[in-house]
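Visitor: In case you want the letters, here they are:
Number of protein chains: 4
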Amino acid sequence: MTKHILLMDGPDMPGLIYHVTGVLFRHNLNIIRNDEYVSPDGQFFMRTEFEVGSAPAGAEADDLNPQQILNELRETLPEGVKLRLNPKAKKNIVVFVTKEHHCLGELLIRYSFDELDADILAVVSNYNTLQPLVSRFGIPFHYVSHENRSREEHEAAILRTLAIYQPDYLVLAKYMRVLTPDFVGYYNNRIVNIHHSFLPAFIGASPYRQAYERGVKIIGATAHFVNNNLDEGPIIAQNVQEVDHRHTATDMATMGRDVEKIVLSQALKLVFNDRVFIHQNRTIIL
Amino acid sequence: MTKHILLMDGPDMPGLIYHVTGVLFRHNLNIIRNDEYVSPDGQFFMRTEFEVGSAPAGAEADDLNPQQILNELRETLPEGVKLRLNPKAKKNIVVFVTKEHHCLGELLIRYSFDELDADILAVVSNYNTLQPLVSRFGIPFHYVSHENRSREEHEAAILRTLAIYQPDYLVLAKYMRVLTPDFVGYYNNRIVNIHHSFLPAFIGASPYRQAYERGVKIIGATAHFVNNNLDEGPIIAQNVQEVDHRHTATDMATMGRDVEKIVLSQALKLVFNDRVFIHQNRTIIL
Amino acid sequence: MTKHILLMDGPDMPGLIYHVTGVLFRHNLNIIRNDEYVSPDGQFFMRTEFEVGSAPAGAEADDLNPQQILNELRETLPEGVKLRLNPKAKKNIVVFVTKEHHCLGELLIRYSFDELDADILAVVSNYNTLQPLVSRFGIPFHYVSHENRSREEHEAAILRTLAIYQPDYLVLAKYMRVLTPDFVGYYNNRIVNIHHSFLPAFIGASPYRQAYERGVKIIGATAHFVNNNLDEGPIIAQNVQEVDHRHTATDMATMGRDVEKIVLSQALKLVFNDRVFIHQNRTIIL
Amino acid sequence: MTKHILLMDGPDMPGLIYHVTGVLFRHNLNIIRNDEYVSPDGQFFMRTEFEVGSAPAGAEADDLNPQQILNELRETLPEGVKLRLNPKAKKNIVVFVTKEHHCLGELLIRYSFDELDADILAVVSNYNTLQPLVSRFGIPFHYVSHENRSREEHEAAILRTLAIYQPDYLVLAKYMRVLTPDFVGYYNNRIVNIHHSFLPAFIGASPYRQAYERGVKIIGATAHFVNNNLDEGPIIAQNVQEVDHRHTATDMATMGRDVEKIVLSQALKLVFNDRVFIHQNRTIIL
Chain A
1 MTKHILLMDG PDMPGLIYHV TGVLFRHNLN IIRNDEYVSP DGQFFMRTEF EVGSAPAGAE
61 ADDLNPQQIL NELRETLPEG VKLRLNPKAK KNIVVFVTKE HHCLGELLIR YSFDELDADI
121 LAVVSNYNTL QPLVSRFGIP FHYVSHENRS REEHEAAILR TLAIYQPDYL VLAKYMRVLT
181 PDFVGYYNNR IVNIHHSFLP AFIGASPYRQ AYERGVKIIG ATAHFVNNNL DEGPIIAQNV
241 QEVDHRHTAT DMATMGRDVE KIVLSQALKL VFNDRVFIHQ NRTIIL
Chain B
1 MTKHILLMDG PDMPGLIYHV TGVLFRHNLN IIRNDEYVSP DGQFFMRTEF EVGSAPAGAE
61 ADDLNPQQIL NELRETLPEG VKLRLNPKAK KNIVVFVTKE HHCLGELLIR YSFDELDADI
121 LAVVSNYNTL QPLVSRFGIP FHYVSHENRS REEHEAAILR TLAIYQPDYL VLAKYMRVLT
181 PDFVGYYNNR IVNIHHSFLP AFIGASPYRQ AYERGVKIIG ATAHFVNNNL DEGPIIAQNV
241 QEVDHRHTAT DMATMGRDVE KIVLSQALKL VFNDRVFIHQ NRTIIL
Chain C
1 MTKHILLMDG PDMPGLIYHV TGVLFRHNLN IIRNDEYVSP DGQFFMRTEF EVGSAPAGAE
61 ADDLNPQQIL NELRETLPEG VKLRLNPKAK KNIVVFVTKE HHCLGELLIR YSFDELDADI
121 LAVVSNYNTL QPLVSRFGIP FHYVSHENRS REEHEAAILR TLAIYQPDYL VLAKYMRVLT
181 PDFVGYYNNR IVNIHHSFLP AFIGASPYRQ AYERGVKIIG ATAHFVNNNL DEGPIIAQNV
241 QEVDHRHTAT DMATMGRDVE KIVLSQALKL VFNDRVFIHQ NRTIIL
Chain D
1 MTKHILLMDG PDMPGLIYHV TGVLFRHNLN IIRNDEYVSP DGQFFMRTEF EVGSAPAGAE
61 ADDLNPQQIL NELRETLPEG VKLRLNPKAK KNIVVFVTKE HHCLGELLIR YSFDELDADI
121 LAVVSNYNTL QPLVSRFGIP FHYVSHENRS REEHEAAILR TLAIYQPDYL VLAKYMRVLT
181 PDFVGYYNNR IVNIHHSFLP AFIGASPYRQ AYERGVKIIG ATAHFVNNNL DEGPIIAQNV
241 QEVDHRHTAT DMATMGRDVE KIVLSQALKL VFNDRVFIHQ NRTIIL
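Residue numbers (full-length UniProt numbering), protein chains in the order written: chain A, 1 to 286; chain B, 1 to 286; chain C, 1 to 286; chain D, 1 to 286.
Please note: incorrect hints may appear among the correct ones.
The list cannot tell twin chains apart, which means a pair is met if one copy fits it or any two copies do.
[What the hints assert, rightly or not] Pairs of lysine to aspartate or glutamate, DMTMM-like flavour, derived with a Cα cap of 20 Å:
no., residue 1, residue 2
1, LYS3, GLU242
2, LYS88, GLU49
3, LYS99, ASP114
4, LYS269, ASP258
5, LYS99, GLU242
It should be emphasised that the hints constitute simulated quantities derived from the structure, not laboratory data.
Taking the hints into account, I'd like the entire structure generated from these sequences.
Guide: Encoded structure:
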């Protein structure tokens, strides 16, 4: 049976769940899973999975009329509540890389077995190092060098490439260039980055070198949305790995790669399944 | 403002959330948090936290009339749905121990700073080893030796002690005696045990010895309800600890104690806050 | 500077470290890292990394004469001590799979970027499902079906394939067939398997189904050497992942795959870097 | 049999292990465990556990003459190598607290069952909140208020108290006052603090509030030596705990307390067992 997804996001007030579930009940729609959250500052978030219920004896099962459901919900709910019904199930993405292959390799393998919940339309890189890997999987690779280009020229060239694909999301899979606010503005809340530290520790360059020098006993990785402040966007997922004094910065980088690629994949799964809301620079994951 | 808790457990059917939230809405009750779960075999579980809403201008805020709320819920919900409104906030417990102090010490410290969400009425032990520790905290200690007593006589003596206290829950904080089905039957789903392994690995005696001999690289602990089959009741919480070849069985036992006491405390917090449902020998934690 | 590795394994007795380090010292060899372990039953294990020291002024640096070093070590050490100097740095392996791609994909990506510390000579499978993946990486794929063959005939066919490659190790990367003692005997302590549970919990088939039914709160994966008893060989590495009541057996299998592939890779890194000794069905990792 | 411990720390050079083990061998001393580390900048660290070997037939076992062993080691080793033989097995400590009880409670329970590898001589606090807890365990409690005192006067008063006890180590078990460089200078590398964040994230006050506001998915705690820069001393141990969007800063503080007390205890065990060396603001744990 088809599973439908309703996403809702707005100021909290009494009766919100009651009103929404009433519309679904009157349409013979069966809630399979319902997750809500009210933030301390009074914002309400809900993600509801439902399916068309079995018809009573002698009657016919209604098909879902999404527009009618949305209209009724809008009538019953106050202004200012955002509703999305059945967002696109499989997202279109473009992956950005520089020279490191581990996150890209992970995404390509998952994609080639249809485990990514997304279609990789293309890979963009400021180096051609990873072209051979990408070509193994028959995916377009766009080498857009940043050399002899201003940051703005480089991003303009990338944007021309992206215009071909119209991706839903950009995935920075170890893309080692800082994006301008203008560029980020085009893809607000639609750029996911993997940072190779347990943010907010070790913002910026060479986090494993910083971790080694600080003598930490645990390293980590952070997947987050990119906003205008480097490494300060809403965090989606984090994970960690124990280290000890024997590990050099290079060892940490090697060990960290396994954490990075898994954290990035887990974060993308949440994002592509429409489980992630953003509020006040924090993610709510339902 | 007072927080109220409604617990619900019954066969799933369309409209359950709608009906419950409708009763709350009509009484001007504001849902703070709502968690639901439907099991694959069609059982519905819900835990709702709500408070009395602010009155509209010119009106008076209603006080909660719990019996009326329950009556209305029962009218609107089908037979077979179990409802509990505002279960006792602080549980009464008796703690069972043998000779090891670490879990008991943890519970006593938490209790003495009112962090346990429960009152420790007494400690029962088949040895008097831990009497000095218990006496530091001014709690009754009942030494009920099992020597020269059949299992039934021993349990009868314990039951006489428990009759004084009428506890809501028994906590087996490293109590190294197997309880009979009869005894367990008196406290169905109300006995919590900590087992010193990552169940179902290493059921029974000397799990750290078994873990050492099997050469595992991770050990663990499991808090679970006790039913008639030793170590096979519903699992509430588990956690683990890395080990390596240098660790002897004794080292593992030492390291494991830290895991045991934390896992037991976390499980008790969930149980005493009425977050744990039991279904088909599995726990649902809302 | 070239790094040399000396491995030593034998009955413990006073002076072992002294005698070995003496030989190295007299040859102007500089210990970079030295790890030892003495088991409770008196077996000594040592792994020493060293390099040729800088020559004193006016002298020439000696090149290493491995045979001479070994001869001197054998003279100074008692009988029964096993010595290996500079084991083959990059192992030759054949990977066995059935239908699941995640561990194989992980190994192929690592191999294609020279991160595996091994050469994948070929992939063997009892299905042809994964042939397209393997062919992307230009590696021979041998489809050896078990249909219409006795277990012995099937293994004989596999052994004929292996005879071409003479691998140092076999890696069972989710190979879902039990191997006979005869087959295992040909590759004693040279077969590494990934089992999709936290052994010894859930030995045998469908461990995620078993985990779901037991209601565990943590699942795991185990990389181990294969010996004659299924899932009972020496454990090399384990890791775990938290789950809760919402996760079905299928969800657990999906989440578990990320743990499996990372644990297998970490175990192989240890094995291929000659860090793993085996003693009494337990691994010592230096 | 008595276990002896030798600690060594100095510039690396060829033959160090050989020379040390030679002295032990000639005295019929049997190495039980030996751990070494050479830092990238060429500092050598070694921790050796040994016992007196069994005498050959017809001879008598030598007792250990520590001074002679040390003399011979000093003769054979170059200048600048620091040697310690059999450091004091049980350390004397004074515990500092403010108002939070969880770390102190943990230490008191461990101490009362002789599991701390240290004697708690006294507890010092700038509040009298925890006096009742400490008095349960019969340990002196010194309430040294900071009110109406300059920082220097307050520390002078504390130092007068410490003068009575001459502790080996000070343990800051949630002591919420910053110590002056002068004070710290009196106890160089002998003050252990628990910080309630995963350092270097969230240095300073209210780390759980900071963690909540940043929206991290993992919180942690750090045990470290105190030096002159707040929260920047050598890290001994760290651990973490997953959180999600539902957890308020208060929830995080509650959950974090379990991590804090275990991390502090584990760090103290390492320090009190003389397993921790300090080099370049990093700890080496052998």
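Visitor: For each hint, tell me whether it holds in the structure or not.
Guide: Do the hints match the structure? See the list:
1. In this assembly of identical chains, LYS3 and GLU242 lie within 20 Å of each other by CA distance neither inside one copy nor across copies; the values are 40 Å within and 26 Å between.
2. For the homomeric pair LYS88 and GLU49, the shortest alpha-carbon distance inside one copy (14 Å) is at most 20 Å, but the shortest distance between copies (33 Å) is not.
3. For the homomeric pair LYS99 and ASP114, the shortest alpha-carbon distance between copies (15 Å) is at most 20 Å, but the shortest distance inside one copy (25 Å) is not.
4. In this homomeric assembly, LYS269 and ASP258 come within 20 Å of each other (Cα to Cα) both inside a single copy, at 17 Å, and across copies, at 13 Å.
5. Neither within a single protomer nor between protomers do LYS99 and GLU242 lie at most 20 Å apart by alpha-carbon distance, with minima of 26 Å and 31 Å respectively.
Consistency with the previously given hints fails for numbers 1 and 5, ordered from lowest to highest.
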